[in-house]
Each structure stands twice: as structure tokens, then as C-alpha cells.
Amino acid sequence: MVSEKVLIVYAHQSSGSFNSAAKDAALEVLTAKGCTVEVSDLYAMKFKATATAEDITGKVKNADHFCYGEETKLAWEAGELTADITEEQRKLTEADLIIFQFPMYWFTVPAIMKGWMDRVLTLGFAFTHEKRYSQGIFKEKKAMLSFTTGSQESMFTANGINGDMNVTLWPLQNGILHYCGFQVLAPQIFWAPSHVPSEARGTMLEGWRTRMQGLLGENPLAFTLLDCFDGEKGYQLKPEVHEKHAAKEFGLTVGIHLGKALPPNNQMKAGV
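For the sequence shown, position 18 (counting from the first letter as 1) is numbered 18 according to the numbering used here, and the numbering increases by one without interruption.
Keep in mind the hints are simulated off the structure, nothing from the lab.
Even for Gly, the Cβ is constructed at its ideal location relative to N, Cα and C.
Just so you know, not all the hints are guaranteed correct.
[What the hints assert, rightly or not] Straight-line C-alpha distance at most 25 Å; calculated SDA-like pairs for lysine to any residue:
#1 131 / 231
#2 269 / 228
#3 48 / 20
#4 141 / 255
#5 260 / 175
#6 141 / 208
#7 33 / 216
#8 114 / 259
#9 238 / 255
#10 46 / 112
#11 91 / 135
#12 48 / 93
#13 5 / 228
#14 5 / 36
#15 48 / 24
#16 269 / 259
#17 260 / 249
#18 73 / 114
#19 33 / 270
#20 139 / 230
#21 114 / 86
#22 269 / 150
#23 248 / 164
#24 5 / 179
#25 141 / 108
#26 114 / 168
#27 91 / 41
#28 238 / 250
#29 5 / 27
#30 59 / 49
#31 131 / 237
[Unchecked claim] Distance ranges between label pairs, derived from CB positions:
#32 108 / 218: 22 to 28 Å
#33 160 / 139: 30 to 36 Å
#34 232 / 38: 37 to 43 Å
#35 17 / 270: 24 to 30 Å
When you get a sec, could you build the whole thing from the sequences and use the hints?
The structure is reproduced here in C-alpha cells:
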């Protein structure tokens, strides 16, 4: 049996952080299970966060009206992307599972990790108009978010001041990961580790270690299949799909909710 390959894309400035400990735990457990694990330590790498024309080593097609998506697609096809992007694309291509480990900044990923997504997930390499969502290029791969929050879990609920965490995660998990075709595993959320005793942090890490024992066999989160939408009519949900769910209490997903109540934990747990 060929061992699974895992890529951990890690964004934290301090080796003494809880995020570092979570990253190290994943590296240790997955390696012990026989996986081959690579880590992209973005701050240590001084990874460039901004998507610019400097990401292309060759000549750009239209310098007067530079379009990053189109230009990097051409550069990717010609082998003219910069070495840092090419190396990350190699790691991603070889990986069966990608874990994004980070502290949540302003309800999303840190800028350096968003830059990784902007620059590495180029048009052509990670998605095309035809190959996205459930028909995406990376549909044989799994990806997941593992992150810390600054707020308590109660604050990220439907009644909490930050709002439902399922809503917060929709742009990241649907709009980036699932868009590229990844099977998205339920997120690993470490609630406010800086505000709990060290014993509680230890319990969090043990829970993460335990989860990783069966991580590669987990079912992914549920998303609506691409062929449920009519591409000739602005990718609207097909009438027959709409009718099938008309009498149901909840919408299809957090984003495609049909004006109904949001399905509980649609972005947090598999099988809901």
C-alpha cells in the first residue's frame, strides 16, 4: 500500500504558539501512521502574500491591463511562474490531504495564508470554468481547516455576538476549497486556547491527536453537486432539485439555503 501524502500549510509567527503545537502534533501522528508529511511554514519561508506581475518570470501578455488570473494561467501553461509558486504547486499536486493550520484573523485566514491561496491556486492549475466545485480538479484530494479562535465557542453561535461559525466558514470551505474540487473534511476548531488553562490546551491537543488516527477515513462535508445547477441559466438551482427540497425544513447548505433555516452544522460536521 502506498503511503498517504499530507501537506500542512502553516501560518504562525511563533514556534511557542498553540498553532505550532497543533502542527507538530499532526506531523508526529501522521508520520507515525506511515504518511509522508511536508510542511510549508509560510512565515519562516517569508512567503510573498501579494499576487502581482512579479509572479511571472516571462513576458506578460497585456501589461497595460494586467489580469492576474489570465496571465498566471498562461504562465503556468508555459512553465513561467516563479519558483516559490511552482514548488507549492508541486507539494499540492503530490498531496492526498492538505491541512491549513492557522490562527483565525478577522474571521478568516491570515494574509500570508490568503496569499498562498491567491498565488498557488492559479487558474488552470487549480480550477477552470468547466472544472470546479464537485467537478473540480482536486476532487480526489481532501483538505481541511485547523485553526484557533480568539473568541469562546458560545460567541460563534446563531445567538452569539460573532454569529454562526458555519456562516463564517462558508467562504473558505465552499468558496476556496470546494471550489477547487477538494473533499472538505470537517474543520478542527480550537476554541480560544489563549483564554483557558494549560490543562485544557493539553486536552485540546489530545483530541486532535485522537482525531488524526482516523482522519484519512473521515467522510467529507456535504455540498450541492454542480450538476444540480443550470449553467445556461446563470447556474441557478434546477427546478426539479428545488421542488424536491421544497417541503424540507432546512435549506441545502449554509449558502444555498433556499430562503429556509440554515441546515445546522453544515460547515462543521459531516453527514448533516
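Comparing the hints with the structure gives:
The straight-line distance between the Cα atoms of residue 131 and residue 231 is roughly 13 Å, inside the 25 Å bound, and the hint therefore holds. Our distance criterion of 25 Å between C-alpha atoms is met by residue 269 and residue 228, whose separation comes to about 22 Å. Annotation: proposed proximity of residue 48 to residue 20 holds, straight-line Cα distance about 20 Å (limit 25 Å). Restraint check for residue 141 and residue 255: the C-alpha separation of about 23 Å stays at or below 25 Å, so the hint holds.
At most 25 Å may separate the alpha-carbon atoms for a hinted pair to count; residue 260 and residue 175 meet this at roughly 21 Å. Taken as a hint, the residue 141 and residue 208 pair is honoured in the structure, with Cα atoms around 21 Å apart against an allowance of 25 Å. With a C-alpha separation of about 11 Å, the suggested pair residue 33 and residue 216 falls inside the 25 Å cut-off, and the hint holds. Proximity of residue 114 to residue 259 is assessed by CA-CA distance (about 30 Å); at most 25 Å being required, the pair is judged violated.
Simply put, residue 238 and residue 255 have alpha-carbon atoms about 16 Å apart, close enough for the 25 Å limit, and the pair holds. For the hint pairing residue 46 with residue 112, the CA-to-CA distance comes to about 9 Å; that is within 25 Å, so the pair holds. Distance restraint check for residue 91 and residue 135: the Cα-Cα separation of roughly 21 Å lies within the 25 Å cut-off, and the hinted pair is therefore satisfied. About 20 Å separates the Cα atoms of residue 48 and residue 93, which keeps this hinted pair within 25 Å; it holds.
Our distance criterion of 25 Å between C-alpha atoms is broken by residue 5 and residue 228, whose separation comes to about 32 Å. This hinted pair checks out: residue 5 and residue 36 have alpha carbons roughly 5 Å apart, not beyond 25 Å. Distance restraint check for residue 48 and residue 24: the Cα-Cα separation of roughly 23 Å lies within the 25 Å cut-off, and the hinted pair is therefore satisfied. Distance hint between residue 269 and residue 259 is fulfilled; the C-alpha atoms sit about 22 Å from each other, no more than 25 Å.
The straight-line distance between the Cα atoms of residue 260 and residue 249 is roughly 7 Å, inside the 25 Å bound, and the hint therefore holds. The hinted pair formed by residue 73 and residue 114 meets the criterion: a straight-line CA distance of about 19 Å does not exceed 25 Å. In summary, the hint linking residue 33 to residue 270 is supported, as the alpha carbons are separated by about 23 Å, within the 25 Å threshold. Straight-line distance between C-alpha atoms of residue 139 and residue 230 comes to about 21 Å, which keeps the hinted pair within the 25 Å bound.
As the CA atoms of residue 114 and residue 86 are separated by approximately 17 Å, the hinted pair is consistent with the 25 Å bound. Restraint check for residue 269 and residue 150: satisfied, since their Cα atoms lie roughly 21 Å apart, inside the 25 Å limit. As the CA atoms of residue 248 and residue 164 are separated by approximately 21 Å, the hinted pair is consistent with the 25 Å bound. Taking the CA atoms of residue 5 and residue 179, the gap is near 21 Å; set against the 25 Å cutoff, the hint holds.
At roughly 22 Å between alpha-carbon atoms, residue 141 and residue 108 fall within 25 Å of each other, so this suggested pair holds. A distance of roughly 15 Å separates the Cα atoms of residue 114 and residue 168; the hinted pair therefore holds under the 25 Å criterion. Distance hint between residue 91 and residue 41 is fulfilled; the C-alpha atoms sit about 13 Å from each other, no more than 25 Å. This hinted pair checks out: residue 238 and residue 250 have alpha carbons roughly 17 Å apart, not beyond 25 Å.
For the proposed pair residue 5 and residue 27, the alpha carbon gap of about 11 Å is at most 25 Å, so the pair holds. Simply put, residue 59 and residue 49 have alpha-carbon atoms about 21 Å apart, close enough for the 25 Å limit, and the pair holds. About 18 Å separates the Cα atoms of residue 131 and residue 237, which keeps this hinted pair within 25 Å; it holds. As the Cβ distance of residue 108 to residue 218 is approximately 24 Å, the hint placing it in 22 to 28 Å holds.
As the Cβ distance of residue 160 to residue 139 is approximately 34 Å, the hint placing it in 30 to 36 Å holds. Residue 232 and residue 38 have their C-beta atoms about 42 Å apart, which keeps the hinted 37 to 43 Å range intact. Separation of residue 17 from residue 270 is about 28 Å and conforms to the stated range, judged on CB atoms against 24 to 30 Å.
In summary, the numbered hints that this structure violates are 8, 13.
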